[in-house]
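Participant: Protein chains in written order, with our numbering: chain Z, 1 to 218; chain U, 1001 to 1206; chain C, 2001 to 2244.
Some hints here could point you the wrong way.
[As the list claims (entries may be wrong)] Lysine to any residue pairs mimicking SDA-like chemistry, simulated, CA-CA at most 20 Å apart:
{"id": "1", "chain 1": "C", "residue 1": "Lys2202", "chain 2": "C", "residue 2": "Phe2041"}
{"id": "2", "chain 1": "U", "residue 1": "Lys1165", "chain 2": "U", "residue 2": "Ser1027"}
{"id": "3", "chain 1": "Z", "residue 1": "Lys153", "chain 2": "C", "residue 2": "Ala2243"}
{"id": "4", "chain 1": "U", "residue 1": "Lys1122", "chain 2": "Z", "residue 2": "Leu70"}
{"id": "5", "chain 1": "U", "residue 1": "Lys1122", "chain 2": "Z", "residue 2": "Lys153"}
{"id": "6", "chain 1": "U", "residue 1": "Lys1191", "chain 2": "C", "residue 2": "Lys2012"}
{"id": "7", "chain 1": "U", "residue 1": "Lys1122", "chain 2": "Z", "residue 2": "Asp78"}
{"id": "8", "chain 1": "U", "residue 1": "Lys1165", "chain 2": "U", "residue 2": "Gly1028"}
{"id": "9", "chain 1": "C", "residue 1": "Lys2012", "chain 2": "C", "residue 2": "Glu2227"}
{"id": "10", "chain 1": "Z", "residue 1": "Lys153", "chain 2": "C", "residue 2": "Asp2152"}
{"id": "11", "chain 1": "Z", "residue 1": "Lys153", "chain 2": "U", "residue 2": "Lys1165"}
Quick caveat, the hints were computed from the structure, so don't treat them as lab data.
Okay, here's what each chain looks like letter by letter:
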Amino acid sequence: MIALLVRDLRLSMRAGGGFGLGLGFFLILVVLVPLGVGPDPAVLGLIAPGILWVGALLASLLSLDRLFALDHEDGSLDLLATSPIPLEAVVAIKALAHWITTGVPLALAAPVLAILLNLGGPAYGTLVLSLALGTPALSMIGAFGAALTVGLKRGGLLLSLLVLPLYVPSLVFGAQAVTRAAQDLDPATPLLLLAGITAGSIGLLPFAAAFALRINLR
Amino acid sequence: MELRVTDLTCARGGVPLIAGLSFAVQSGEALVLRGPNGSGKTTLLRTLAGLQPALAGAVSCPPEQMAYAAHADGLKSTLTVAENLRFWAAIHGTRGVDAAMAAMNLTDLADRQSQNLSAGQKRRLGLARLLVTGRWLWVLDEPTVSLDTASVALFGAVVRAHLAKGGAAVLATHIDLGLPEARILDLAPYKAALPAIPSGFDEAFL
Amino acid sequence: MASLWEYANPVKFMKLSGWLLPVSALLAAGLIVTGLVWGFFLTPDDYRQGATVKIIFLHVPSALMAINAWVMMLIASLIWLIRRHHVSALAAKAAGPIGATMTLIALITGALWGQPMWGTWWAWDPRLTSFLILFLFYIGYIALWSAIEDADTAADLTAVLCLVGSVFAVLSRYAALFWNQGLHQGASLSVAPGTRMDWSYKAPLYLSMTGFGLLFLALVLAGTRTEIRARRARALISRERAAA
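Using the sequences plus the hints, can you model the full thing?
Facilitator: Rendered as structure tokens:
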């Protein structure tokens, strides 16, 4: 199973996108929003948690449609399905690889980008924590969506349509946690709810996604 | 060890293609499937490998004992030959890819990325993967596509060596692999008849 | 309950729906017209909200049906996954657009209701926001059905999407409440029949709600019949192609 993780990480590094793609997109978004909204620091500080979290959502979406599709096209998915590793584990490992290449860099880069958006001082720790807790759910939910659409050519847009509504609870609790922290309020409740959603997704979605993959392999 | 198939019915997209198929393959035997295109060879092989559920019938050997290989090689273009094989060896829990590379004449190419291989070399790599799975029953769909005569002979030798070690193989191929001892199974007699349209469409829509 | 499974048989279903559909459609039309006319024209104006509150005769029933449609889709999806009854899968498919339309009606009537109170054509009230999110879930479900060619594959994938979506829809409901707590206290569009509603409003409301329920039934039956016929047509075509 580690072999699969190592292979996927190696592949995404050699594909030339890898860690950089999601981060680049995140940066562009954080530059575009003030250009669209105006430079008033008070306004930016208020919407910073939302922008950063929506940015994380969208950056997460970027590499999702390749998650299973590449393996499906070259026959690796068939071979993985007939290998000793259960398909549920394959899904979980691929989601983990996605998180490592997308979620982790986002969580680490977010404080720097938050400076650009004038996020309130007390919120930086919560920002990183909320992204660290929430992005695994984004990867896992995304993997479920990717499993549903793996058989479709041009499934990317449909994938976004299916996955973004599923992201809503994580978005709300994550952004709320950061907003509350920025106002010097206690962010514990939304953080716990966020962690709960992540835990639930990781526990249950691999089975749903594996089910979808088996159907698409028939 | 044997593969015993009893009264198997396979379908593609809900439409039955093959019905009432029974055969057995023992250790050391090879079975070649013949039939026109569309007769369901691919569907049958995928059903044996566990990728598709059968409509009816039984397959005695569980999919965990089979190694499946088809048109798509399962090779990653940015990984080298050795990296590709080592990955599959790690997945299947076997050790050592050198023997597999040697058997398919790939040792010199060990550090070349798959995208830089010719079609024939890629096919040989895909077949080398079979050796790395350590499974006794090989289920192969047109394995020698894009191989030249020398490589076909090489592959035939590899299959013979596998059979000699107690393995077995079920292959769909038009090409003479130089395995005169292989049995041939023609699938034409097992073509499934379309189910009669029940006058009221009881449960089936097809 | 054993006899209900008989209707998993398409032929029996078509026979039953053949007469149930016109009956429920007629009843629905009657009840809705009665309820709405009574509600709009024969009830006194509310002393606080004037005449605009009467939109609840459309808003509440459609909102109720929006949720019911999803629950029905969920149950139908489960029946498909467990018992593989095609009629059930097609009923879920038919319910999707109906539920989406009900949600849209609920959203529009909700916005219209809120406009005089808030002065804007839309407010991010937790309930309206939840319905907006539900609308997105419906769109995704309908889109997945259309995107997949093979009917059984589509049924399986949309069924599992409905299951997962249901969990997240409930989570989103609570998220929307959490998200809008403490803002616009008391301005959310809550109508609790029985607490502060006068009987003169309750009667037409219940008529309208029952009418909408029957309307939903009629529409789902009509939709399922269409899907069954479409499926049969495709099967006959592919059979002809295979025989040729």
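Participant: Does each hint fit the structure? Answer for all of them.
Facilitator: Comparing the hints with the structure gives:
1. The suggested pairing of C/Lys2202 with C/Phe2041 holds, with an alpha-carbon distance near 14 Å, which does not exceed 20 Å.
2. Of the pairs offered as hints, the one joining U/Lys1165 and U/Ser1027 holds, with about 9 Å between alpha carbons and a cut-off of 20 Å not exceeded.
3. With a CA separation close to 29 Å, the supplied pair Z/Lys153 and C/Ala2243 exceeds the 20 Å bound.
4. Distance hint between U/Lys1122 and Z/Leu70 is fulfilled; the C-alpha atoms sit about 17 Å from each other, no more than 20 Å.
5. The suggested pairing of U/Lys1122 with Z/Lys153 is violated, with an alpha-carbon distance near 25 Å, which exceeds 20 Å.
6. Note on U/Lys1191 and C/Lys2012: the hinted pairing is violated, with a Cα-Cα distance of about 32 Å set against a maximum of 20 Å.
7. Among the hinted pairs, U/Lys1122 with Z/Asp78 is consistent with the structure: their alpha-carbon atoms are about 18 Å apart, no more than 20 Å.
8. Restraint check for U/Lys1165 and U/Gly1028: the C-alpha separation of about 7 Å stays at or below 20 Å, so the hint holds.
9. Taking the CA atoms of C/Lys2012 and C/Glu2227, the gap is near 15 Å; set against the 20 Å cutoff, the hint holds.
10. Straight-line distance between C-alpha atoms of Z/Lys153 and C/Asp2152 comes to about 19 Å, which keeps the hinted pair within the 20 Å bound.
11. Annotation: proposed proximity of Z/Lys153 to U/Lys1165 is violated, straight-line Cα distance about 43 Å (limit 20 Å).
Checked against the numbered hints given earlier, the structure breaks hints 3, 5, 6, 11 and satisfies all the rest.
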